[in-house]
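Mind docking these for me? Both chains are given alone in their own frames, and the hints should help you get the complex.
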Amino acid sequence: MGAAVEPGMRRTVLVTGVSRYVGARLAAMLSADPAIERVVGVDVVAPTHDLGGAGFVRTDVRDPAIAAVMERERTDTVVHAGVLATPRSVGGRVSMKEINIIGTMQLLAACQRSDVVRRLVVKSTTAVYGSSPRDPAVFTEDMTARSAPRSGYAKDAVEVEAYVRGFARRRPDIAVTTLRFANFMGPRVTTPMTAYFELPVAPTPLGFDGRLQFIHEDDGLEVMRLATVGDHPGTFNAAGDGLLTLSQALRIAGRPSVPLPTVSSTLVGQLFRRFGLVDFSGEQARFLAHGRVVDCTRLHHELGYRPKHSTPEAFAEFVRERCVDAPLRRERIVAAEAAIRDRLHGGRDA
Amino acid sequence: MRDDDGVWAAAVSEVAAEVDRAEVDRADVALDAPLDGGPRLATRSWSDLLGAALGAVGQAAGDVLIDVVRDAIGPDSMDRVDDVLAFARQRLTGDYVVDEFGFDQQFADIIAANVLRPLYTSWFRVDVRGVENLPVAGGGLVVANHSGTFPLDALMTQQAVLHEHPGGRQLRLLGADLVFAVPIVAEIARASGATLACAEDSARLLEQGELVGVFPEGFKGSGKLYKDRYKLQRFGRGGFVSAAVRTHVPLVPCSIVGAEETYPMLANAGTLARLLGLPYVPLTPTFPWLGPLGLVPLPSKWIIQFGEPIPTDGFDVALADDPAFVFDLTDQVRETIQQTLNRLLPERGPTFG
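Chains as they are written, first to last, in my numbering: chain R, 1 to 350; chain L, 1 to 353.
If we strip away everything but chain L, and leave its shape as in the complex, we get (with noise of 0.2 Å):
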């Protein structure tokens, strides 16, 4: 990381100190340059003093970067060196791909190694069970519980399928259409393959073969409030089960113990909300109070259980349009969800321990 660093300072030192050479061969030019006027001649030598002084400096910055830069890389990670620098230029030529929903495994990459990774190990200690329950090759749909004011229980599933998966598959999550609509969040959302929560979009991925998160409770979920904990919301209208019947995929069941006590919800500042058109605005103990401080999550102690999948090959595909048959099965996934989160909570042991 700090190599990084350092070699990013120096990238942004080196070519403030090409504009600069720039700077000073234009006012050679300048110089030579039959002049016409009194006070037009004073200003042109200003700046060309002023172009040759940054130049010099920035000629001087540069080289002292570079010195520092390489003294603090030491001469036996210098292929890493190149490997920073080819990248980097591959990301600011635009020479990288970008699937049909957005998703850049590249940005992908970068933001689960120095991101989510640190969070999933050291902060939430977030303990796997049941990864053989997920399908090692092709279409399958993750189920899961949904609290916390902040996704943050699908980014941990996300890493929990990356890194314990032995695929290493990335687990495609669908989001409410709120996601989309704010500016960052939608832009980071697509980036990590993310995609809004519709019939279309949820059968084109499962056809594909991919893994797809969802959280049915929405928002209701994600926005209750603290003493509601680890109790399921209503399961939307069922659409998860519709998409995977009709693609023939399993159901995986995914019971998340730990997200609730991440930003504890004491109370929903509900007209700020509405005000604001967000579902809900969490008054939580340290938020907003501390201010920024109020952003960091509880260091609350995590299982993630991938339950027993659910065959859906089996049924006859005219099921997915068949209310009664979509309801049953929902409420099935939604009761083994329940059930594991009732089992689990007394295994945790201390919620911060």
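Just chain R, same shape as in the assembly (with noise of 0.2 Å):
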């Protein structure tokens, strides 16, 4: 379904969630794109990053003024990065699930009615696949989740795409591609996973040791670049090569952890909530138990791009800058041990 944008017409992007760092860079970065001639940020709150050349219209995704915005700037290409992954900064769940769901809802009613709209592009997750011990060790795009979400944000994006295949069904003229992106990871995004791996002493769920894939936040960036720019209709998983387990990236980051048991995960992701310090849910805690490993062979050779940081290399430069100060340090224990060897043998001549 190829709806190829006719060469040298220069196009207009509409990108949503452009006031959290993902959707503010993406539109600066097209912004600065030649073959675009336009780049306009929606979302319900002003931005707090720079948009660089892209224009900012704050309407609510949830009311249909979106669809007069894209009637108005004759939008061709709608780039949908605002399904959020945290209740806290709306102010709750309800209104999280609101602008997740009926949001995508009006933004896909405004690009069915568009006779000018020829290109989508959604950032998605990998939470999608769920994670529990039933899951084969490594999703490929084809599979769906064993268990499916069965709340927060994972449970958001299985609906959000549920909604975007019966709109690809409906219109079969605009090219649809769904990213599918493992945890951003690197030295400035903000996101649940980054915050856990930012508190002092972190839980881990007792017994378990779940696999984690991360892509860097550039890469993630450049995923979502190439997707809006070219043509790559279909479902792309997106993680960098390689993964850690729970307890090496503990190691890495230099952070104590305290193994709790995972009586329920739900009560895991409220006893995170209760420490006030990570916006995290139920099924985030699943994903630190079990972990989940997708396969990116689509995303290497159809969308042609393989992530410049591996998992290992993305989480190394995230910890570089935002853990510099953890008690077990990788300085802390290379000190220890030349210490201890110093020990030892300096006894041998004595």
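Honestly, I wouldn't trust all of these hints.
[As the list claims (entries may be wrong)] Going by beta-carbon spacing under 8 Å, a handful of chain R positions derived as facing chain L: (1) Met143; (2) Asp209; (3) Arg341; (4) Arg343; (5) Leu344.
[To be verified] Here are the in silico distance ranges between beta carbons for each label pair: (6) L:Asp322 / R:Arg93: 46 to 56 Å; (7) R:Ser147 / L:Arg237: 12 to 22 Å; (8) R:Asp115 / L:Arg237: 18 to 28 Å.
Just so you know, these hints were derived from the structure itself, not from any lab.
Cβ atoms here follow ideal geometry from the backbone N, Cα and C, with glycine treated the same way.
Here it is as structure tokens:
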């Protein structure tokens, strides 16, 4: 379903969710692209990051006004980066869910009515695969969750993807790209996962060691940019090569951990929230326990992009920038090793 | 082993001493700073004193321990100490590689060398036959009988392949989903290279050229009563045959004698099992009557026989989805294992001999 934008025609792009880091940086990046005439960012709240040359329209994605904006701007490409992962930023789970679900429905309704839109790019998450002991070790795009996510962002993302699939069936002339990203990681981005690794002491699920994958923020943005400027309909997993286990990541970050029995992951999620430190859902607690790895062959070959940072590299960059004062940081362990070695060897001559 | 323990103890005390020294430094600074109240001064000086005392004790204990460790190691094995220290540093800084299934080679090596190898050689005295039937390189699917309530048979087969195969190959085990739902078991299983027994994972491992081990009887095999020993149970739905045919790897039937007697299950505490969400709770001659001692497996004599491989590269991939074909081949493998068991049992001689 090619629907290529005619060559030579300058494009106008609408980006949702620009009040947050990824949306804002993407809008700024796209506005610097000479092939794109105009970039309009929309969000419920004003952006706190620099949008570069992109314009900003403050509109609630939940109301039909989004259609008017798209009509006025003659938007031909829509990038939906507005699905929220954390309830706290919008004052609770109820409005988070409303923004995610109703917002997506309104946006898709506007796209469906438009005769100008040619391309839709949706930022989704690998969390749609869920996280359970019954999961295969590695998910490809064709697999579905063995135990469907029951709460929070992951559940919203599953519903958003379902609406997007429905939309793609109704408008086969519009090229739809769904990008399932692993957790963003890097020196600047802030997510529940980065907040977790910034805790002074990290609670971990006792007796489990989830396999984690990350995508470096720069790689994630590049994947979104490529999907926006190129023609790559379909669904793509996107994560850095390799993986880290939870315990390994915590050691690299130099964070001490406290294993807690996982009677129920919902309880653990609540515990995290009670600490008041992390916007954490039961789904994310399950992720720490069982982990999730995705296959990115399609990203490498069909979208033609191999992330420049592997999962360990992306995490190392995060640690260098954001865990400098971690109690068990690498320098200390290296120094302790040297000290013990010196003392053991030192006595030989005496 | 002894050396390692000593070094570990020294490492711990060294870190403790470091912390204590830091306490003392901070105490010095606090004493120089202007102090503002009587009671606070008192508490401060108490904590300072305590800190200083702990520091001194820690320092002294550290020195003593270092000397003890140094004496224990002796000057000749100092190089090995460096290796152990470097290894500890690698582990503590997360400087190691884990594959996409969670397999941690370093962890597996340590468990194999210190726990499984002694069990394998001294406790069960495993007699391995037919290693030449395992592929030297490339994918292969080892299909074995399952017994003994706890999957010692899987771990010993893994050791057999690791130690007797010329390539020292790592057998990648497939486990039931329950394995990955139980805390600690789940963590150890993944780290030692096991993954879920499902079509996706077995296909992925076999395509990567791994040697995979599967126990198609599942809990029906490991949870059967002692009176049913060496009687093969139903072989699931034959998913393992489909996996091998799809990836064109040979099937290697494997017959294990000895695991049945490790934890002879006289009865199943069914109600308790249902309450705990477990497939069975075994009652053996020693468990639970002897408490933790009941967890010690009986020292039966083992034979692990790898049988003639069944090549699958001649089969059309479409046959993987043909139920009649899959059931036939499943039965063939099952029959081979059963007959081999019948032949091996008398050859073994006395069960605990």
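These are the hints, each one checked on the structure:
1. Met143: With a minimum Cβ separation of about 7 Å from chain L (threshold 8 Å), the hint on R:Met143 holds.
2. Asp209: holds, 5 Å
3. Arg341: holds, 6 Å
4. Arg343: Given a least distance of 5 Å, the restraint on R:Arg343 holds.
5. Leu344: Holds, because the Cβ-Cβ distance from R:Leu344 to chain L comes to roughly 6 Å (cut-off 8 Å).
6. L:Asp322 / R:Arg93: 46 to 56 Å: holds, 49 Å
7. R:Ser147 / L:Arg237: 12 to 22 Å: Holds, since R:Ser147 and L:Arg237 (Cβ atoms, about 21 Å apart) stay within the stated range.
8. R:Asp115 / L:Arg237: 18 to 28 Å: Between R:Asp115 and L:Arg237, where Cβ atoms are some 51 Å apart, the hint is violated.
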